Amino acid sequence: MPFTRRHLTHWIPEETVVFVTWRLAGSRPPQARDLAVEQSGRTPFLHQDERLDRERSGPAWLQDSRVACVVVNALLYGETVRRFYQLHAWVVMPNHVHAIFQPHTTMSTIMRWLKGRTEN
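So that you can map any letter, position 96 of the sequence shown is 96 in this note's numbering, and since no number is skipped, the others follow by simple counting.
Think of the hints as simulated: they come from the structure by calculation, not from any bench.
Now the in silico label distances, taken between C-beta atoms and shown as ranges: (1) 13 - 63: 30 to 40 angstroms; (2) 15 - 58: 32 to 42 angstroms; (3) 108 - 77: 14 to 24 angstroms; (4) 14 - 50: 26 to 36 angstroms; (5) 50 - 18: 20 to 30 angstroms.
Predicted model only: the values in this text are computed from it and were never measured.
Heads up, the beta-carbon is just placed ideally off N, CA and C, and yes, glycines get one too.
Please model the entire structure based on the sequences and the hints provided.
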């Protein structure tokens with residue numbers, strides 16, 4: 001059972017399907033406390049994801065189909081050639097990406113490779 005440490009400790013049991021999200025640098029919406037959302041019972045993740053979807057400022061390079069294709073091709077390459085994971089689903093949004101996959105190596109290796117392969 002691998003452990004990774006960044007800002008929080010993450011525990012990823014072996015042979016588990018994971019859901020990951022990464023965003024463009026500078027795309028994080030301003031942090032504003034939204035009492036209506038907190039009282040509605042929405043999770044912090046759902047709240048942040050909804051804010052990313054609504055964000056109209058900051059980079060949105062992924063809305064360009066050529067740039068989005070770079071990300072999609074990297075996801076597919078990571079599954080079929082590098083064999084880092086079994087890819088189940090993905091979505092490319094204007095300023096962030098969601099993917100569901102079953103890792104075959106450490107998450108730090110996967111995410112370092114994906115982010116490195118798709119930046120610039």
